[in-house]
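There are 2 protein chains.
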Amino acid sequence: MKDKTFLMIPGPTPVPESVLLDMAKHPVGHRSSEFSSILKEVYADLKDVFQTKNDVFVLTASGTGAMEAALSNLVNEGDNVLSLVIGNFGERWAKIAESLGANVERMAVEFGQAIDGNALKERLDADVDKKIKIVTLTHNETATGVTNDVKNLVALIKEHGAVSVVDGVTSIAALNCPMDEWGIDVLVSGSQKGFMIPPGLAFIAVSDKAYSVYEQCKHPSFYFNWGAYRKSVRDASTPYTPAVNLFVALHTALKIMKNEGLSNIHARHKKLATALRAAIKAIGLELFVKDESIASYAITAVLPPAGVSVPDIRATLKKDYDIVVANGQNALKDKIFRMGTLGFVCERDLLAAIASLEASLYKLGHKFELGSGVKAAIEHLV
Amino acid sequence: MKDKTFLMIPGPTPVPESVLLDMAKHPVGHRSSEFSSILKEVYADLKDVFQTKNDVFVLTASGTGAMEAALSNLVNEGDNVLSLVIGNFGERWAKIAESLGANVERMAVEFGQAIDGNALKERLDADVDKKIKIVTLTHNETATGVTNDVKNLVALIKEHGAVSVVDGVTSIAALNCPMDEWGIDVLVSGSQKGFMIPPGLAFIAVSDKAYSVYEQCKHPSFYFNWGAYRKSVRDASTPYTPAVNLFVALHTALKIMKNEGLSNIHARHKKLATALRAAIKAIGLELFVKDESIASYAITAVLPPAGVSVPDIRATLKKDYDIVVANGQNALKDKIFRMGTLGFVCERDLLAAIASLEASLYKLGHKFELGSGVKAAIEHLV
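Chains as they are written, first to last, in my numbering: chain A, 1 to 382; chain B, 1 to 382.
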């Protein structure tokens, strides 16, 4: 139905109407005092969301731009980088590091698994000469719906002495990720996820330790240069003409988030994702991530039932119920579908999605007790 | 007055209401067929605006991001780059090239002047060993309101054999800049200027010759990688999650532009800027660019009259008439003010601006014949 589409993909995610309308205002000048006041509040509110005293730089870019902004200010040619890979986005860190001329070593696990802390400890302990300069990792792997134990992994990296570079694109403002408490050196995120605004802005927060490594970087990016961004944040400004309308949207969204409260936001994500998983199992479908202790609160990957294809499930949900869910990526294409419960999603949205998934599977011939998914979800939610 | 502000700065520029409203729609999935259809039309329409058969890559970034995207796919450490500098934005090319490890030679002129074709010819002729790999230049220098004779300069660069890299940020879709006819190798622009949408997207078109140089680039940027963008354009896709709402806005704006017609758009910009210059002179103010044959059709820099300060002119225009004009940058701060007639600006807007400038100057004590600016503009427009 026209104008009814509801996105349950891992980004872009639904956007509150007040955010959309503020975004639609005529652009303001990016060097005006009006915009500077907006920036001042945005920069302060972002520190709360990142749970950090570090400056949070806001880039006009995709999340991948923020990933490049992380490594291109740290890596010199020939540096040793250890990339912890649990899915496509972990692999992206490795590729970016390679594009900068780093020697990249991958510690990879089967997709659907998380990084084993003991294995990481063993590898870092073996690096007695401290050759590993940077370790990249993913908090919430969007490709599989697995959440790494970042707290533990970063503690190990800190003990070794390397710089920890964490992808929080689908985790910040959805999952708890206290940058300072956990000692993360570089943390990046994107606007179209937990921040409830459209894509186009990306975030990067940098510890003093990481900043001192940047100061030894021979050819840091010009557009993403940390020095320029740090100066601008402190001047309530931006280095170049930013996506002003998206900043205005972000300003509004951050107020909404402040009003809900960060711990309530995290609790909501946890509640919705665990209710969804209960429903998925109740209607006889299998979760891609078997070990629920590492299952994401932002994105749930599901295997189709025997005899029903992922494309059919996605097409029925879209055509008959106006709900968009994501396919698997690369090797996982048509093997799983992924449902986002990320950002501006309420319990009604979740119930609608589960009921629509039931209706779609019923149409496609899957045998199960109709209503069992909704029942399981309600029991979990209430 | 609330909601009355009118931007006459060199970007962001005013945005049509239909563009703002389309931008405010809920984001669509960036891997959906709906978005792919939008991309297909956008990519085709952009070729018309750039007057090229080359693919036009659309980046989620500021104009400076597109500048980095140009050089970071071409420059290897130690390459020789000649930067033609007529203002701040010409200097930015040089800084980006230096950040990539290039040996940069600057050919600079006094601000307010354009590059002399004979001087460039002499320099390039002297490079008998063809050591200069890349020449960077600016079509329309936003900092001064000077337009370089890109047609002639690029012809000289072509004859030498270097790769020409042109900043068209404030020129494309405002001034005539036929990429293929003039033989430009790399041409960049931004969304918040002639394209009539808010900032956040940037464009880069690349000739086959430039692409073959990219193929020899040792460490091209990952986020801005030409190979990834070329593949995506041809698949009606984008490499990473793009600013989907800005793409939707661009889609609408390009239809409006098509409807007006590119040559009509160019003629409108020429007419408005020359009418503005006639008005400025009629009210006894001095143009920063004395030689009107190199004066920009997008941005006009003006000296304040004796005894009246630039900050007072800007403040009065803003407070009493809701018009924002730009100050000079760096050394030109408070020495000039700059009025944009760029993008979504009509004759009524220009007349309002001239009349408001007259009223402001009158309040500030400048002696001149009231109405003379409007008279000169009308005589020019009608």
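The hints are simulated quantities; they were obtained by calculation from the structure and are not laboratory data.
Fair warning: this is a prediction, and the values are worked out from it, not measured in the lab.
Hints should not be assumed to be uniformly reliable.
Since the list gives no way to pick one copy over another, a pair counts as held whenever it fits inside one copy or between any two copies.
As the list claims (entries may be wrong) - In silico DSBU-like pairs for lysine-lysine, Cα to Cα no more than 30 Å straight-line:
# : residue 1 : residue 2
1 : Lys-151   : Lys-367
2 : Lys-25    : Lys-258
3 : Lys-363   : Lys-151
4 : Lys-363   : Lys-40
5 : Lys-25    : Lys-40
6 : Lys-95    : Lys-218
7 : Lys-25    : Lys-47
Hint by hint, here is what the structure shows:
When the C-alpha separation of Lys-151 and Lys-367 is checked against a cutoff of 30 Å, the pair qualifies neither within a copy, at 42 Å, nor between copies, at 70 Å. When the C-alpha separation of Lys-25 and Lys-258 is checked against a cutoff of 30 Å, the pair qualifies both within a copy, at 22 Å, and between copies, at 24 Å. Taking the closest pair of Cα atoms, Lys-363 and Lys-151 never come within 30 Å of each other, the shortest separation being 44 Å inside a single copy and 63 Å across copies. Within a single copy, Lys-363 and Lys-40 get their C-alpha atoms no closer than 52 Å, and across copies no closer than 34 Å, so neither meets the 30 Å cut-off.
For the identical chains of this complex, Lys-25 and Lys-40 are neighbours both inside a copy (19 Å) and across copies (27 Å), given an alpha-carbon limit of 30 Å. For the homomeric pair Lys-95 and Lys-218, the shortest alpha-carbon distances inside one copy (20 Å) and between copies (14 Å) are both at most 30 Å. Taking the closest pair of Cα atoms, Lys-25 and Lys-47 come within 30 Å of each other both inside a single copy (26 Å) and across two copies (29 Å).
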